[in-house]
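Sequence order for the protein chains is A and B. Take 8 as the starting number for the first sequence in the numbering used here and just add one per residue. Take 8 as the starting number for the second sequence in the numbering used here and just add one per residue.
None of these hints come from the bench; they were simulated from the model. On a predicted model such as this, the values are computed, not experimentally measured, just so you know. There could be a bad hint or two in this list.
What the hints assert, rightly or not - Taking lysine to any residue and the SDA-like style, the derived pairs with C-alpha atoms no more than 20 Å apart in a straight line are:
hint	chain 1	residue 1	chain 2	residue 2
1	B	K208	A	P163
2	B	K208	A	Q194
3	A	K23	A	T212
4	A	K255	A	N22
5	B	K189	A	S262
6	A	K120	B	P301
7	B	K208	B	Y151
8	A	K171	B	G47
9	A	K187	B	D201
10	A	K124	B	Q318
11	A	K98	A	N82
Claimed, not checked - The following label-pair restraints were derived from C-beta to C-beta distances:
hint	chain 1	residue 1	chain 2	residue 2	range
12	B	A161	A	K259	49 to 59 Å
13	B	A161	A	I166	36 to 46 Å
14	B	R235	A	A176	19 to 29 Å
15	A	K168	B	R235	34 to 44 Å
16	B	I408	A	A176	53 to 63 Å
17	B	G345	A	T212	45 to 55 Å
18	B	G345	A	D127	38 to 48 Å
19	B	N315	A	S152	35 to 45 Å
20	B	G416	A	D196	34 to 44 Å
21	A	N193	B	T180	17 to 27 Å
22	B	A161	A	Q81	18 to 28 Å
23	B	I408	A	K210	53 to 63 Å
24	A	L49	B	E321	32 to 42 Å
Claimed, not checked - Some, not all, of what chain B presents toward chain A, calculated at C-beta under 10 Å:
hint	residue
25	N196
26	E197
27	G274
28	S276
29	S297
30	A298
Using N, Cα and C, we set each Cβ at its ideal position, and we do this for glycine too.
Listed here are the chains, written in short residue letters.
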Amino acid sequence: MSRIESCFNAIKKNNKKALIPFLTAGDPSPNITASLMHELVLAGSDIIELGVPFSDPMADGPVIQRASERALAQNTNTDDVFNIVADFRTKDKTTPIILMGYSNPIEIMGYSKFTKKASDAGVDGLIVVDLPPEESSDLQGALTSYDIDQIFLLSPTTIDKRLKMICKAASGFLYYVSLKGVTGSNQLDIKMVEEKINEIRTKTTLPLAVGFGIKDAQVAECVGRISDAVVIGSALVEIIAKYAKNTKEMKKRISLFISSLRKALDNIQ
Amino acid sequence: MSKANKNINNSTINAFSCMPNENGHFGLYGGRFVSETLMGPLEDLEEAYKKYINDPEFNAEFESDLKHYVGRPSPLYHAKRWSEQLGGAQIYLKREDLNHTGAHKINNTVGQALLAKKMGKKRVIAETGAGQHGVATATVAARYGMECVVYMGAEDIKRQAINVFRIKLLGATVVPVEAGSKTLKDALNEAMRDWVTYVDKTFYIIGTVAGPHPYPAMVRDFNAVVGREVRQQCLSQIGKLPDTLVACVGGGSNAIGLFHSFLNDKGVSLYGVEAAGDGLETGKHAAPLSAGKPGVLHGNRTYLMEDNYGQIIETHSISAGLDYPGVGPEHAWLKDTGRANYVSVTNNEAIQAFHDLCQIEGIIPALESSHALAYISKIAPAMDKNAIIIANLSGRGDKDIQTIATHEGITI
Ligand SMILES: Cc1ncc(COP(=O)(O)O)c(C=O)c1O
Numbered sequence: 008m009s010r011i012e013s014c015f016n017a018i019k020k021n022n023k024k025a026l027i028p029f030l031t032a033g034d035p036s037p038n039i040t041a042s043l044m045h046e047l048v049l050a051g052s053d054i055i056e057l058g059v060p061f062s063d064p065m066a067d068g069p070v071i072q073r074a075s076e077r078a079l080a081q082n083t084n085t086d087d088v089f090n091i092v093a094d095f096r097t098k099d100k101t102t103p104i105i106l107m108g109y110s111n112p113i114e115i116m117g118y119s120k121f122t123k124k125a126s127d128a129g130v131d132g133l134i135v136v137d138l139p140p141e142e143s144s145d146l147q148g149a150l151t152s153y154d155i156d157q158i159f160l161l162s163p164t165t166i167d168k169r170l171k172m173i174c175k176a177a178s179g180f181l182y183y184v185s186l187k188g189v190t191g192s193n194q195l196d197i198k199m200v201e202e203k204i205n206e207i208r209t210k211t212t213l214p215l216a217v218g219f220g221i222k223d224a225q226v227a228e229c230v231g232r233i234s235d236a237v238v239i240g241s242a243l244v245e246i247i248a249k250y251a252k253n254t255k256e257m258k259k260r261i262s263l264f265i266s267s268l269r270k271a272l273d274n275i276q
Numbered sequence: 008m009s010k011a012n013k014n015i016n017n018s019t020i021n022a023f024s025c026m027p028n029e030n031g032h033f034g035l036y037g038g039r040f041v042s043e044t045l046m047g048p049l050e051d052l053e054e055a056y057k058k059y060i061n062d063p064e065f066n067a068e069f070e071s072d073l074k075h076y077v078g079r080p081s082p083l084y085h086a087k088r089w090s091e092q093l094g095g096a097q098i099y100l101k102r103e104d105l106n107h108t109g110a111h112k113i114n115n116t117v118g119q120a121l122l123a124k125k126m127g128k129k130r131v132i133a134e135t136g137a138g139q140h141g142v143a144t145a146t147v148a149a150r151y152g153m154e155c156v157v158y159m160g161a162e163d164i165k166r167q168a169i170n171v172f173r174i175k176l177l178g179a180t181v182v183p184v185e186a187g188s189k190t191l192k193d194a195l196n197e198a199m200r201d202w203v204t205y206v207d208k209t210f211y212i213i214g215t216v217a218g219p220h221p222y223p224a225m226v227r228d229f230n231a232v233v234g235r236e237v238r239q240q241c242l243s244q245i246g247k248l249p250d251t252l253v254a255c256v257g258g259g260s261n262a263i264g265l266f267h268s269f270l271n272d273k274g275v276s277l278y279g280v281e282a283a284g285d286g287l288e289t290g291k292h293a294a295p296l297s298a299g300k301p302g303v304l305h306g307n308r309t310y311l312m313e314d315n316y317g318q319i320i321e322t323h324s325i326s327a328g329l330d331y332p333g334v335g336p337e338h339a340w341l342k343d344t345g346r347a348n349y350v351s352v353t354n355n356e357a358i359q360a361f362h363d364l365c366q367i368e369g370i371i372p373a374l375e376s377s378h379a380l381a382y383i384s385k386i387a388p389a390m391d392k393n394a395i396i397i398a399n400l401s402g403r404g405d406k407d408i409q410t411i412a413t414h415e416g417i418t419i
């Protein structure tokens, strides 16, 4: 059984909600990313989404754009990202890791080489923001042979026909983008999210994560009530940015923030 | 990338004008590489574009505005003195510089704005580098009564102050983009982010044959009027088809606009001229087809300027309109198939051609177009005196006067 599958099985069995924080590999420096990931797990995270920095992050708002810029300024490259994951795996063999990035750094390495390196490092899933199922059959072939799940995004503009196609192609879990916009927006409308989630549930039995626009414990709790997992990106990255020069303080703040989200999600019964 | 391009051989040369396929692919290139949120809106756009591009009423409106508002057809002008001085082929200039707003860009913005109107979108957005496409978009937004927001890199805003003011005079809002390299590619990213956020009421008018499907095909179709006119003008003025077509390539819209009507004419050779900046060997250039690698950026697969890990690198050209790290996917395909040739000229060669045209023909060309002219000055002398070369004089150079003066150490 894959790490993602066991993770969601356990979540379900314990009647819990999964907490999925996002951070960008190499932000503020590749040397500390793995230790931040351990911190996230300690504070109650279930799955980690690790951003692969890209020069042109078209789907990201300013907070995550800046994270990419900081990581690239430290010359974080794709091999560094794999090294970070491998480093993390020496101490943590169970927490699933999802890489989230854009097509070009994957294309240039080649699908099978990228996938093999990801698998060797201990990656469990891959989200390629700008690679819809229509363009992803070759990558999917490579991922399947290494047992890496391709996680697809669904959005408020995903109509029925696409929904069916994506649910068919998906594995691991599905990621619902809660709003029309980029990461870090704050116009999430919980009623509309709920309607769409109910529609999606009729098409798939895969776990459903919701992300984009979840900034604090209160929103996380609301979203957790209607989904299986909650993704927190910009709000965490903001903490990393704010304390970039003081790692100790950064870890303390991260821990406090993640614990507050954990608590909020555990309130849901 | 496993689906090998089945069209890469000359026996299927007639297929050149029927691309892209139904998925928006030009062989390996093109496609639709965007986030899920934009897939639905792009399908809607494709549907509208397919419906109206063959709709007589839409086309009548488009042609009427091209005639009465843009001033088409633009002349095909025999540059006799320049041809004589070069001592070879006869050179003709397609005078897109005489269009309203001074460049070919307006053909596309008129087409897309009319489409926006048909789709009931009241707000248009655009990216711009040099400001030409921003001006052309602000112009049509005023003409059709739409709200207009133009995204422009903070660096470019400094370099192109006149066009920024022009856009504002036309009633549009200019939003500075501070991300990344603060240039055209970042403006395009930001326009996409706007589009994804306000997608219900907004039409994104992309300024060149890049972006996700259907943009490369749609922008080409709106600019293809250039080549259609050239074909007719050439037959009626000269009595035969041209031997060689030459156009500069930034994203590639003026080049594909000129080439498209001739893609199936094997006897017509096609040259796209990229910006070699300080020289390809220096790495300071904007020539992805000549010196880049295939990859994915801005919604399509094409040749890119990138580092070994797929990060997009900064481009360099004296001509802001050519300063782009990607290129339209159809050009990538035409390069691989060998149907078109892609070459490059340096900043200095382009500036020399700029001065030549000013002084020999009394025409001040855009620095972008000067790249095409510079390449002509290399090939024309060795050609037969009866041979016909046609250049797309894609824009007028008034916007570049400050750049030329600065380059030559002159304060105006
Ligand atoms: C006059 C002129 N020519 C050419 C270009 C390059 O664009 P494209 O390659 O799409 O024609 C520009 C872009 O701003 C331009 O203003």
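Verification of the hints:
no.	hint	verdict
1	B/K208 / A/P163	holds (15 Å)
2	B/K208 / A/Q194	holds (17 Å)
3	A/K23 / A/T212	holds (17 Å)
4	A/K255 / A/N22	violated (33 Å)
5	B/K189 / A/S262	violated (35 Å)
6	A/K120 / B/P301	holds (17 Å)
7	B/K208 / B/Y151	holds (15 Å)
8	A/K171 / B/G47	holds (14 Å)
9	A/K187 / B/D201	holds (10 Å)
10	A/K124 / B/Q318	holds (19 Å)
11	A/K98 / A/N82	violated (25 Å)
12	B/A161 / A/K259: 49 to 59 Å	violated (35 Å)
13	B/A161 / A/I166: 36 to 46 Å	holds (37 Å)
14	B/R235 / A/A176: 19 to 29 Å	violated (41 Å)
15	A/K168 / B/R235: 34 to 44 Å	holds (36 Å)
16	B/I408 / A/A176: 53 to 63 Å	holds (54 Å)
17	B/G345 / A/T212: 45 to 55 Å	holds (50 Å)
18	B/G345 / A/D127: 38 to 48 Å	holds (40 Å)
19	B/N315 / A/S152: 35 to 45 Å	violated (25 Å)
20	B/G416 / A/D196: 34 to 44 Å	violated (58 Å)
21	A/N193 / B/T180: 17 to 27 Å	holds (22 Å)
22	B/A161 / A/Q81: 18 to 28 Å	holds (23 Å)
23	B/I408 / A/K210: 53 to 63 Å	holds (60 Å)
24	A/L49 / B/E321: 32 to 42 Å	holds (40 Å)
25	N196	holds (5 Å)
26	E197	holds (9 Å)
27	G274	violated (36 Å)
28	S276	violated (31 Å)
29	S297	violated (18 Å)
30	A298	violated (15 Å)
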